[in-house]
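Asker: Residue numbers (the numbering used here), protein chains in the order written: chain A, 1 to 507; chain B, 1 to 180; chain C, 1 to 371.
The set of hints was computed from the structure by calculation and includes no laboratory data. Since the structure is predicted, the reported quantities are computational estimates derived from the model, not experimental observations. A hint or two may mislead.
Said to hold, decoys possible - As a list, the in silico EDC-like pairs of lysine to aspartate or glutamate whose alpha-carbon atoms are at most 20 Å apart:
id : chain 1 : residue 1 : chain 2 : residue 2
1  : A       : 433       : B       : 104
2  : C       : 206       : A       : 203
3  : C       : 100       : A       : 222
Stated by the list, open to error - Derived coverage of chain A by chain C (criterion: at least 3 residues anywhere in the stretch with Cβ under 8 Å from a Cβ of chain C; other residues may be distant):
id : region
4  : 141-153
5  : 189-200
6  : 460-473
No residue lacks a Cβ here, since even glycine has one placed at the ideal position from N, Cα and C.
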Amino acid sequence: MESILHAALEGFRFVFSWPNVLYPVGATLLCMFVSLVPGIGGMTLMALAIPFTLFWDREHVALLFGAFMGGATFMGSLSSILLGIPGKASNAATTFDGYPMARQGKAKTAIGAAASASALGSTFGVFVLIALIPLLRGLIVQFGPAEFLALVIWGLTTIAVVTQGSVVKGLVAAGVGMLLSYVGYDPRTAELRFTFGTLYLEDGIPLPPLFLGLFAMTEMLDLATSGRATVSGQTKAERLSGSLREGALSVFRHPWLFLRSSIIGTVVGIIPGVGGTVAGFVAYGQAAQSARKHGGRFGQGDIRGVLAPEAANDAKDAGALIPTFAFGIPGGTGTAMLLTVMTMHGIAPGKTLLTDQLGLVFVLVWSLFLSNWVTSLVGVATVGPAARMTVIHRHFLVPIILVLTTVGAYAYQGRIEDVCLTYATGALGFWMKKHGWSRVPLVIALMLGGIFETYLGITLRLHHLGRIDFWHRPIAAGLLAAAALSLGLRWAQAARGRPPAAAQEMP
Amino acid sequence: MRRFSPSTPITLLFGAIVGVALWQTLQLGPVARLVPLSVCVPTLALVAFQLALDVFPGLARRFAAFERRELVGVAGVRERVHPEHLLVREHPTPEDPAKPRESEARAFAWMGAMLASGWLLGFALGGPIFALLYVRFHGRRGWPVALAVAAGLGAVIVVVFDWTLNAPLWRGLAWAWLGI
Amino acid sequence: MVQRARNSAFTASILAILALAAPSVRAADPAPSAPGPLASDAAGCGGRLAGQRIRWIISSGPGSAYDVPARLIGPHFAERLGAESVFENRSGASGLVGYKATKAAVAEGDVVINVLSGAQTLIGAAHGRLPDPVTGMHLLGQIAGSRYVWATGKDSPFATLDDVFATARERPIVFAVFEPKGSAFTRIVGMNETLGLDATYVTGYKRSPQIAMAAIRQEVDVIAIGLSGQESLFENGDLRPLMTLNGGIGAFGMDALPTFAGPDGVVMARARALGRDLDDAAAEAAAITAFSEIGRIVAVPMGVDPTLIPCLRATLEATFASPEFRRDAEATGRPMDTLSAEATEALIERARARLETLKRVADAAAARLSQ
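Okay, chain A solo, but in the shape it has when bound:
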């Protein structure tokens, strides 16, 4: 433990020394700038940077790529809150309550909450990583397909909680979302499903263009047709209510929620291959489930609906490094690219990295940590100008966002079909929103449906072959119990006559 602390301090000193600190700060700012465009993020910059950093020394490579990993997240949160447009799939859960807050003129509060939850969530993840370094390898081996299946089931049960309005409509939307997630190849037999002979759908429905449509396009159509002049309904920034300070301090008013969400984010980040996108959704769901005091107004601008996914999203970044360092197994796309870079620079994950090269590990970790704080601080510093986006007249905002969304959808894979998908889902999302069909269950089911089927198939096959005993997996059992408990709590609330989250009056 002493050597770990020593390495952590050395890494900290290296990252925060001059001029080394310029690397992560510069990279973060560049990432934030690029992430202004919906659909573009840190991954693109990482790919571009690979050949350029070939002859850099390993420490500076770690500085740069650690910052790229953390740099794009908060910009995605900003656009989620201000415009209802998730910058990345993982920011979608922030939209559910962040955007309603902006519409109520409380953008500053939401941004403050997101910034503090983001920075502190990242801090939590980093310290968990440090604490778990001696246990990393044993930990990951325990989490197999059965455990992962149980986690996904828990995530799916949040649909029942976050569905507002008609339960029937929510479940139908969820069913449609799951069916959309099955488009493409069946993972076990490679049979093509629901592609109608088109090449475009063979790899499934691409999520970034779909999210751009379902959120960005929908919100702009809604704005254009709502009669509101601006997102917040106010035309002068001075009339915006909300307080940055109140938002930033909200983490401390909900400490247990923050802790739970950060743990969820870290755990999800640890699981190899998940990608971390589910972290925000699962955290949001558990926050909605556990809201008892004052009922809560989830989906209508409850600050806890911002805190939970933000904390989880940033905690997962550090969590995703755990399988990467321990085994050389990426926790998501960003860590996959990081792994490529590490290998190219002769940094071999595993025992050697965690013993002899621990200092390098901490350079990367502290760079990620600094990057998350920089994005939060920049977000806080720019809260005034950022919040002003909610008073930009729709005659300017709508065309700008429409164009950037269109370009972002195309830039994802260079396919015009993605643009068509964005427009189609934009129209669908608008009609859904207008007529009382919640998009939330559809999105959650879409995210988790395919993963559920894949791991169900693997788990059942392994159980059938006698390789695992599904009924004797304590972690999986615990997660399934958590899912059952959360469903049970919801019914119990209704039976006691206590209004759950969705029932409160809007101000």
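Model the placement of chains B and C on the given structure of chain A, informed by the hints.
Answerer: Below, chains B and C alone, put in the same frame as chain A:
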């Protein structure tokens, strides 16, 4: 007289999606169809139920009572909070009830115009031109303002996509047709 | 007012840091191996591509094992032609999306090179989805090879390959594989068929790390895994190698491992043990090895000026041999295994000799999985 709910078209659309999915699922092998079938059948049943709620007001009232109690609890029933209203509240009532329909058609028309503009002229040019026309003719702003918005947007597209990311953008069919 | 001033000061300081950071970052970035004196290719291009843009369309995501070699080779290649390389990632549909994007780019008049999986393309051609890489495209060469290893988890009961064969007499050996109909599935099923090994498959995995973890957790018996990107698992002892496909791996103690093909290979030993025709077994083994060695190929679709092809091939070969590229390649710490167009064609022909058989057994195995 039975009246369809305004959300019925969505119900029918989802019903069509699930119906087509079911038809396709039945043509798959047993392993590939297992999970999709398990989703299709109950979802289709729920769609049918929702359609019945849309069509039969009596049934809708009885079910709404159940949903009120289930969703909002006894306290909510006392407050006469209807679940449908919870979402409708997300959308502030427009000032002029007659306006939304017209502005919706116009909004969709502009959306189509953006798609057409980008498709024909390419995004780097079509996007700013669309913005120019929107701000000038829909927003009824002056030419200087409209040009400034278009120029700024074009600059962002060029700087981010061309200079920074070196990502090729859709060139536009018109140039290919014209042989440029 | 005070709040606004505070915000402005903070924003200004961030911008100042950015302004300071930019020169530092640029200064810290040594020019990637500045290509040598411009050697405009004297083998026939004759400056025809000077000033033009060469689009590399990579049928895989950014940072992948296809993407990295392409981005390393591209600048050197373009410099020799006096041109500029730009890169696009178009992954999907086992390379078909990238290929179609390449065709569209050719139709627009661009000089475009497609980077794709040789084995996957061959399988795609066998299924009628992709053009044949030799006759249906202008093959330029191979930019990165593939090295495959059979492995098991460190706590597995199998110490050697003989243990696997011994166990196979009692029960089927469980393999973790990617989706059926892919090149990896075809290779593994083909190998098992050639070895006469009774195997069963767990499919649905999407990435090599997931398969590796399945072996480490002993959920499956054996995995066949590409070495690239998984070196650390062997270095740390998390995976125990049992057999190499094509030999030549001098690290992690693999030089002493049995190899699949060759006169002293596992296939021949098994053929003798099982009483199979030795010539037939040798031919199958050679075909599977060739199929696996094809690696990442670069090709130009039909429609490009055919008079350009010889000079593009020559330029690529010259790039492979250039000291600047070699230095960059060594800096990656991974072998690049480049091959000329002719050598790559020869590999493909050897694989094609038994491709129908491979495809047939893989399809049969996939059909069983569908039941």
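Asker: All hints, please: hold or fail.
Answerer: These are the hints, each one checked on the structure:
1. A:433 x B:104: Answer holds: residue 433 (chain A) to residue 104 (chain B) is near 13 Å, not above 20 Å.
2. C:206 x A:203: 12 Å, holds
3. C:100 x A:222: 37 Å, violated
4. 141-153: holds (count 3)
5. 189-200: holds (count 4)
6. 460-473: holds (count 5)
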